[in-house]
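Construct the entire structure; sequences and hints are all you get.
Protein chains: 2
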Amino acid sequence: ATLQDKLQAGETQFNRKSFDDLILRKMFVIPSFEIHGGVKGLFDLGPPACALKAAMIDMWRKHFVLAENMLEMECTCLTPQVVLKTSGHVDRFTDLMVKDPATGECFRADKLLEDAIDDLIEKNPTMPNAEKEEHLKIQRQADAFSPTELDELLVKYNCKGPSGEAYSPSFPFNLMFQTSIGPEGTAVGYLRPETAQGLFVNFRRLLDLNAGKTPFAAAQIGLGFRNEIAPRSGLLRVREFCMGEIEHFVNPNDKSHPNFASVAGKELVLFGRDDQLGSGKTKTVAIGEAVKSGLVNNETLGYFMARTQLYMEKIGMDPKRLRFRQHLTTEMAHYATDCWDLEIQSSYGWVECVGHADRACYDLEVHSKATKTPMVATEKVDPPVGIEYAKIKFDRKLLGQAFKQDQRIVSGLLDGLAEDWKNFEPIATALDTDGKTTVDGFEITKEMVSWTKSSKKVHEVKFTPSVIEPSFGMGRILYSLLEHSFYTREGDEQRTVMRFNPQVAPQKCAVFPISSNAECNAVVDEIAADLMDSDLATRVDKSSAALGRRYARTDELGVPFAVTVDFETLKDNTVTLRERDSMKQVRLPKSEITPLLMRIVHGKLNWDAVTKKYPLVQVDEGDGVVAE
Amino acid sequence: ATLQDKLQAGETQFNRKSFDDLILRKMFVIPSFEIHGGVKGLFDLGPPACALKAAMIDMWRKHFVLAENMLEMECTCLTPQVVLKTSGHVDRFTDLMVKDPATGECFRADKLLEDAIDDLIEKNPTMPNAEKEEHLKIQRQADAFSPTELDELLVKYNCKGPSGEAYSPSFPFNLMFQTSIGPEGTAVGYLRPETAQGLFVNFRRLLDLNAGKTPFAAAQIGLGFRNEIAPRSGLLRVREFCMGEIEHFVNPNDKSHPNFASVAGKELVLFGRDDQLGSGKTKTVAIGEAVKSGLVNNETLGYFMARTQLYMEKIGMDPKRLRFRQHLTTEMAHYATDCWDLEIQSSYGWVECVGHADRACYDLEVHSKATKTPMVATEKVDPPVGIEYAKIKFDRKLLGQAFKQDQRIVSGLLDGLAEDWKNFEPIATALDTDGKTTVDGFEITKEMVSWTKSSKKVHEVKFTPSVIEPSFGMGRILYSLLEHSFYTREGDEQRTVMRFNPQVAPQKCAVFPISSNAECNAVVDEIAADLMDSDLATRVDKSSAALGRRYARTDELGVPFAVTVDFETLKDNTVTLRERDSMKQVRLPKSEITPLLMRIVHGKLNWDAVTKKYPLVQVDEGDGVVAE
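Chains A and B, in that order, give the protein sequences.
The first sequence begins at 1 in this note's numbering and counts up by one.
The second sequence begins at 1 in this note's numbering and counts up by one.
Heads up, some of the hints might be wrong.
If several chains are the same, the list does not tell them apart, and a pair holds so long as it fits within one copy or across any two.
[What the hints assert, rightly or not] Calculated cross-link-like contacts (lysine-lysine; reagent style PhoX-like; alpha-carbon spacing at most 20 Å): (1) K380 x K542; (2) K40 x K613; (3) K542 x K213.
Honestly, the hints are just simulated from the structure, not real lab data.
Quick caveat, the model's predicted, so the values are computed rather than measured.
In structure tokens:
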């Protein structure tokens, strides 16, 4: 969290103490293994957060997977080394770390730099704006510097370890948890740092299942693990987390999206690369415009950004605290075309919660190469197009002598390259010039193969699909939603409320008897059973606490509605229905409760309409019903 | 899988080849990281199994968690060593392993014994029954023998390694995956072998959230990991798996269950301890009788067994292939009171899929002791009961001198013990006799504390709750359901069908146009959108394949219903609705499809009723509609 962010977040007057108290007391989120001293970066979800997460995931599945016929998979967390070596994670999934040489304590180098800049600005309130902006620009690039650059900056900003000594030079620390698979102890495995690789390695089967057609998307919801160097910021930087990832496979020459028109008018808050290094200000732009102007690279990337925004609004995130930040060129992987993070503002500042990356063909190509498995799609072209290729012929006898059981691999490799003259040309040149060349480790001589450059008309083309990847940090989204949902009643700091909308609310309705009268209790049970029978999670509170106290308990859990069974109910079968945020109540027949809530929970009716249909009841929650 | 089991399973004429082909081709379950050579014991779920699992879990949550107000949590997989040391897993979560000394290859000793007995019986078809029964009795106890016993039996049954050499002596191999948490590399962690520990360590917060009341249950659905020595049997023995666990906390002196009457008449197939060692035959008994006769230890354990049976029936498991097998005394943990495994029969034999264990107070007691955290519940007693306790008094000065900052811990420990004279008596005796004693590592002398044995009436009692634990292997259940659902059409081995019931079916309905006519397509889209809007997962197939071919495709995925839009639809807005297993079709207005399927999927209507309400249509699926 940068100072600037903290100030911005401060405007919302977030009451951390009372928020934290509620979160722990009602077991939304608690430190894991607390009685054993806990482990940094590990948190448990208690009953209300568990239900909230289930609702968020259910909505995610409907909004993304079902709505677009994505192919959902569930792959394993345990991953053998070869897969993550291939993907580049074994070599490059690192953060820069420094040690305090006196104590051996480890720190993330970029975070130290960020904190040092915060400190510097805080201690110099009279610093000229231009100078401040220079520092903030460096801060915004903190995780994109090279080790040498970072080392120099840590010296420049006078960063010292807790012991007072200068830090060690920064060095890369791999964030994957390592283990060993099988009883022999020789097979290295890791816990996956992302779910994506499981989908990439299954690309061929997925394409078959999709009857060979592109574009299509695969999706996965599951755990990821990162051995963070110094976890902090509560649920926002943890070592085990739930992700939702989509891999959309598309022809690299045509990244249009068939449904783009449906979102083109949607306005997003964009924080482009140039603005980050320049003005420091965001722009609000319709995604259609942003794609047209080239700010966002292509329709499919833009489509998913808009769909993510819509999802966030659907689950009840505050739209004013959402923005899309483009990756700086130095931040992006070398193969990536364009990346935009959805950042959500909370008391910890602006935090990346959903990545949207155009990863080009990188992932499929590396797995294809490592496994010698073709990972290509085909597309019909009409009219047919002319292509240049190499018509080749092998001397099978020579091949057999040279490569024995590998001869089919070698001929397969050359056949593959020969399909496109562009790929075969360097080999042809080398064979012509040197009489031999090496293909994937095999030494080929001129005598083994002859060729002629030819051309033909083809009705379909092969291509390695590009991957456009929206990647959701579900835990971060959940935490942000908790903050965005939290408020205290006007004039009463003690009464805390979670404003979960009826779609995501962990429990949809509470049912109370006004007294412990047996007849009232029977009606309460009947109403609750009817609600539960329609899968509306219901909370029954028959305690002797005052009604107002019982309402307050439901407010803390974000239960949007409460039904109270009173003595009138026993006469005319009507009950009161209270809405959480307005605290207004209406009176209606008990038999109408379940169908009414079903429609509200499925977004087909809102509270305003309810207050127009049924008579309002005047209520003072401190003392119970006072007047009608 | 024992030979006996194989024979029994054989009766069902399971066609493995065509089952395996379907499972792979439609991506129900596929080996993980296949293109990289795969890893034994790791499997991915593809789209249809993913949806099936989501439905199974949704029903589990409703059947167990929501229906009984259980407190659901989601704890982390990464677990620090201290927690699993406390639970006993670091020391005792092992299988006995042997090595082939020539090759270093590792094997599970009990499985070798089981296989050897299978072989022996198979090779001696004329073996007298009594002798055969002796061997089978040994086989049934295979995983309960000590290392020495197993070593002797491996010699007796002449088990040799693949190299021909005798195996190494058997030794325990810990099945937990180990890793290290944090950048320093010094903190040992494991992947949890079960989800239960996360619930135990949170007991105090859960009890608070439940307003201090027992009995109550906590539940968790999540991943478990076991580094199986030699995984085999497909999805039935894997290294990463989804579990659903319930920990029901109950007063050890009263294990009755308030809802037991609702299940008492439910008949279960029970394979008690005595029958396993004796007759080898199961008994069908109402659970009420089984608890009354003492065969099943208590109501709560019996209640969950019956609820598990009901869940299995609800998701569509074949009731004839379910049985509850009691653990042998040698199989049970020393602290356990009674354990019954729900076993499901598949082509691999009878396999444990749900454990039901009365674990007594073991789990809470070990964590309480290790963390010095009281983990007790209280219960009101009326009328009050008399208890004997020690009224004690400390010499605070002496305590302070002896224990400095620890003096509060020491006095707290003694206060705790003094509450019950039974606990304090040994200390009193030791102090009287030796003048000193040791409590939790602290040396106490006679001078530090004085006491009198007293008695008083109390209105509430404290107790460490017993834990009754139903533990579901969701992956094993999923795989068993796939086998139980699979069949081939009478007279056509090629036409394979999955008979998923509408509740669990991954997709609820398919919608086809009879031709590629644009008007037909528009109606198809309209019907599909309407179904999806009610959250009914729908498959659209506009391909040019013959209708019969398209029906067959839905059969393979277990889609229970298919709607066909034909030329009549364009005239009168009616469509045909086909049911998968009967292949019967009715004709009805298109607007009635969604409400009808909603009622069927929610179990409020069945196909029989549908065929009575709407006219049947005569259809030959080979050639399309032939007559009406």
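Against the structure, the hints:
Taking identical chains as interchangeable, the C-alpha atoms of K380 and K542 lie at most 20 Å apart only when they sit on different chains, with a minimum of 18 Å there against 66 Å within one chain. Within a single copy, K40 and K613 get their C-alpha atoms no closer than 52 Å, and across copies no closer than 62 Å, so neither meets the 20 Å cut-off. For a Cα distance limit of 20 Å, the shortest separation of K542 from K213 across copies, 14 Å, qualifies, whereas the shortest one inside one copy, 57 Å, does not.
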